[in-house]
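Required output: the full structure, derived from the provided sequences and hints.
Protein chains in written order, with this note's numbering: chain A, 1 to 227; chain B, 1 to 222; chain C, 1 to 253.
Keep in mind the hints are simulated off the structure, nothing from the lab.
Be a bit skeptical, because a hint or two may be false.
[Unchecked claim] Listed below are the simulated BS3-like cross-link pairs for lysine-lysine, each with C-alpha atoms no more than 27 Å apart in a straight line:
| hint | chain 1 | residue 1 | chain 2 | residue 2 |
| --- | --- | --- | --- | --- |
| 1 | C | K120 | C | K16 |
| 2 | C | K238 | C | K89 |
| 3 | B | K217 | C | K89 |
| 4 | A | K35 | A | K213 |
| 5 | C | K91 | B | K217 |
| 6 | C | K120 | C | K178 |
It should be emphasised that the depicted structure is a prediction, and the values quoted were computed from it without experimental measurement.
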Amino acid sequence: MANRYTDNSVSLSASELYCERDDRVLFERLNLTVKNGDLLQLAGPNGAGKTTLLRLLVGLNRDFDGDLLWHGEPLTQVFADYASQRLYLGHLAALKRALTPLENLRWLVSPWMSTESASVITDDDLWQALEDVELGGYEETPCNQLSAGQQRRVGLSRLAIVPAPLWILDEPFTALDVAGVAWLEARIQQHVARNGAVIITSHHALQNIPSLKRLDLGELALGGGLL
Amino acid sequence: MSLVMATIKRDLLLAGRNPGEWLNPLMFFLMVVAMFPLAVDPDPEFLSRIAGGVIWVGALLATLLSLDALYKADVEDGTLEQWLASGESLYMLALAKALVHWLCSGLPLTLMAPVLGLMMALPDDAYIGMLLSLAVGTPILSLLGSVGAALTAGVRSGGLLLSLLILPMYVPVLIFAASAVYHAGLGMAYNGQIGFLGAMLALSVCLTPFASAAALKLNLSR
Amino acid sequence: MWQWIVRLYHRLGSPKWFYELTSKWIFWLALLSVVGCVVGLVLGLLYAPADYQQGNSFRIIYIHVPAALVAQSAFIMMAVAGAVFLIWKMKMAAWVARAIAPIGASFCLIALLTGAIWGKPTWGTWWVWDARLTSMLLLLFLYFGVMALQRAIESEEASHKGAAILALVGLVNIPIIKYSVEWWNTLHQPATLKLTEKPSMHPDMLLPLLIMILTTYVLFALLVILRTRNEILWHERKRSWVQALPEMLGGGR
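Structure, rendered in C-alpha cells:
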C-alpha cells in the first residue's frame, strides 16, 4: 500500500472560474486546487452546477471564463497529457449492450493501451478487474443480460486497472447495491491512501477519509465563498 | 491512436452481433430496385437504359437508411463523452466511423450490385463500370453522410431530417456514377466520370471529418 | 485602415449598436427599393424593346435574374456569417445567418416560379430540366435542409452551430453541384434554347435589368436587417436598453 503515484503527479488548479448557463450565473470567482492525496467532493442541490463544474474539470466543456491549469499550464494546451493522467467515469456508462463486459472494458481502457505507456494492460488484467467487481462468470455474457448495477460495475472496473492518478467520478454510487457501495468506498480510500486524487459528485456521505474536502456549490452561488 | 483502432474493432464486432443493422439496408436496396420493373416497364431494353440510375438511387437510399444509426447510440450511451475526454483527435475518429460505415454498407452494396444488374438487364459491358463507380462512389456517400449523421445524432426522428440535409449533396455523386454505368453499357469511355468521383472522394476524405468532428461536439449537453 | 476594420468588427458584435444604426437606415432602404422597383419595372416592361425570339415573354427576366442572383449570394452570405459565428463566437453573426435563411429560400422560390412561368411560352411546358433551373432547385433543397436543421435542434447555441456547419459544407458543395448539373445537362439536352442569353443584350434591355438587380439587393438587405432586428429584440428583451425603446412601450414588459 505504498505510494503508487509520485508526489507531484497531480496538480489541477482552477482560478477565478466563471460560468453561466442560459443567462444564469452558476458560479463565479471559483478557486480550487487538487493535489496528490486529495479527495474533493462537489456538493450542492440540483441545478447548482455540480455536473457543469465536473465537465469543465474533465475538459469536455470549454465554455467558461477563468483559468484551468494542469501543472501550471492551461488545460487545453496539455490536454493529451492531462487525458492520460485522469480517468473520467461519466453519468453515462458508454457500454454497448450487445457486447460482453470484457469487450466493453477492452474498448474503455484502450486509451491506456498504447505501447509507449509504461504499464501495459494485458487481457489477464481485464479478467482480474472484472473479478474484482464481482462480475466473475459474467465476462462473456452480453451486457443486455446484466442488471443495471452490474452494468455500472463494468464501468467501475476501470478503477482497478487504469494507471491514472486523478479520478473524476460523476455520481458513481448510482444503482449500486450495499456491497457495491462498500467496494467503491474502499477503492476510493485506497486510491487516496496511495497518493492518488479523486474528484467526485455524489450525495453519498463519504466516510473515513481524512483528506476529504467539500465544495458546496449552492452556498457558493449565494455567498460567493471560496474554498 | 489505440482508441481509434479499438473503436474500429468494437464497431465491427457490434455489426457482427447485430447483423440486422447492415443486412436490413441491403434487403431494402434489393426491394427498392425490384419495384422499378413492377412500377414502370419490365421490357429488358427499357430496363437496361435505366439500370445504372435505378441501382444508384437504390444504393443512395439504402446508405441514407443505415446512416441514421451511425452516431445516435454513441451520443446516447456516453461513447462520445469518452472520446472527447480521451483527447484523441476527433478527425481520426470521424474518419474511422465513416470507414466502418462503408465496410458495413457501401462494400456489401457494391458486392450485391451485380445481382441487381441481372434483374435490371444491365448490359454485359456495364458490370465493370458499375462495380468501379460503386467502389469509388459509396465511400463518398459514407463520408458526406456522416456529417449529416453527426449533425442529427441528438435530434428526435433525425432519420428523415438527415435525408433532407444530405440528399442534395449526393447529387454530383449520383450524376457522375450513373453516367459512368450508362456510358459503360454503351461501350463508351467512362474513365472521366470515375476520375471525377475519385477527385470527390479525395476531397471528402480530407474535408468531411472536420465537419463531422465539429458537428459531433454539438451533441454534448451543456 | 486595419484599426478601423477591427473597430467596425467590435461594433458589429454589439446588438445595441447595430439596432440603433439600422433604425436610421430602414426608411432610406425602403424608399430606395420602392423607387428602384418602379423605375426598373417601368423601363423594363414599357420601354425596353421586345426580344426578337421570345417576344414579350422575356420581360420576366427583370424578376427572374435578380431573384436568382440574390438567392445565390444569400447562401454565401449565410455560410460566411455562420463561419464568423463558429470561429469568433459572435452571436450577431448567428442571428444574421438565421435571418437570411428564409429570405434566401424565398428568393430561390421566386426564381424557380418565374422560371416556370417563363418556360411555358418558351419551351411549351412549365418545367424543363434546364441546368440553371435544376441548380436553383438543388439550392432550394439546401436552404430547406438548413432551415429544417435550425428548427430541429433544441439547444439554441447548438442549432446555430449546426446550421453554420451545414451551410459551410453546402457552400463547398455548391460549385461541385453546379458543375455536375451543367455537365449532366449538356449530356442529355444539347442545344436547347437557353432562358437567359447573356452576350448580345440590347442596352435598353440591359439598363432596367441592372437597376432591378441593384434594387433586389437593396430589398434583400432591408429584409435581412428587419429580421435581424427582430432577433435582436427577442434575445435582448430582458436588457434595459431594449425595454427603454419607444417601440417597446406598451407591449414590452
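Results of checking the hints against the structure:
1. C:K120 with C:K16: 49 Å, violated
2. C:K238 with C:K89: 21 Å, holds
3. B:K217 with C:K89: Judged against 27 Å, a Cα distance of about 15 Å means the pair holds.
4. A:K35 with A:K213: 12 Å, holds
5. C:K91 with B:K217: 18 Å, holds
6. C:K120 with C:K178: 24 Å, holds
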